[in-house]
Amino acid sequence: MDLQKFFEMGGYAVYVWTSYGLTALVLLWNWWAARRSEAEAQTAAKRRNELALERSS
Amino acid sequence: MSWTWFHKLASPPHAYRILGTIAPWFGWASLALILLATWWGLVKAPADYQQGDGFRILYVHAPSAWMSMFTYVVMAVAAGVGLIWRIKLAHAAAAACAPIGASFTFLALATGSIWGKPMWGTWWVWDARLTSELLLLFLYLGYMALRASFDDPQRADRASAVLALVGVINVPIIHYSVEWWSTLHQPASVTKFDKPSIDLAMLIPLFIMIVGFQLYFGWAVSRRLRGEILRRERNANWLKEAA
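Protein sequences appear in the order of chains A and B.
Numbered by the working numbering, the letters in the first sequence go through residues 1 to 57 in order.
Numbered by the working numbering, the letters in the second sequence go through residues 1 to 243 in order.
For the record, the hints were derived by calculation from the structure and aren't laboratory data.
One or more of the hints may lead you astray.
What the hints assert, rightly or not - Restricting the straight-line Cα-Cα distance to at most 25 Å, the calculated cross-link-like pairs of lysine-lysine (DSS-like) are:
1. B:K44 to B:K195
2. B:K88 to A:K5
3. A:K5 to B:K44
4. B:K88 to A:K46
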């Protein structure tokens, strides 16, 4: 496979690579945001549990 | 027929555990399929006889457009179930869908615009397909803004569910817009009752990418829904074990 030809995308390089780059960014954002959303809720729940334990002891 | 399985599934502790188990499977499977489809679409699939290599944008544009509508239908169905049967978990699922759907809608609009420039000679036209897809983005953003405007989660659930249900009318409008109105956007080549008007060598990677995106949605919605469940079940005993 000719690498240079591959990257040129028959003259559509800018359009094709920008589209795939944006897609990668949106997928990465979703990955990061979903993980963060879950992790934040877990941290908050843990803190609530600790406070409840302190209060009950 | 016994409905105990359903009540068990809809119980937050059970759902929390199941989602935690299936999420990694969704995640790894989607990663494998998306990588495979990317290689197939960029390298292996033949260039289009009219659009040359420019057509390869199809493999990210069509799946994201599909996901933008699929996610909205899932969100509206979940919101409807929550509204009718008062199932909190369903409202939580609808809330988890919104940001994912909004991101896919943005991606469909952006990649479509980038594809439109070399093929149509313009980034944007106010035709039926593009305008209704833009409206979909505003529906997602409106849904999230409406939820955020309530302090009481139950009132947020009900109000946003009504918006989600009203907005679902837009989904068939997006799909059929290319048939009902004259538009620059090409008509459907795959999602129609007739034989697909696209060669198998180009269709297979598209199909793999769509399945990959669906599984990715499964992963993201599982993670977000687990967060929603924890946020809602403030004082439940099972939280002690979960957290």
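To see whether the hints hold, each was checked on the structure:
no. : hint            : in the structure
1   : B:K44 to B:K195 : 23 Å, holds
2   : B:K88 to A:K5   : 54 Å, violated
3   : A:K5 to B:K44   : 14 Å, holds
4   : B:K88 to A:K46  : 22 Å, holds
Violated hint: 2 only; the structure is consistent with all others.
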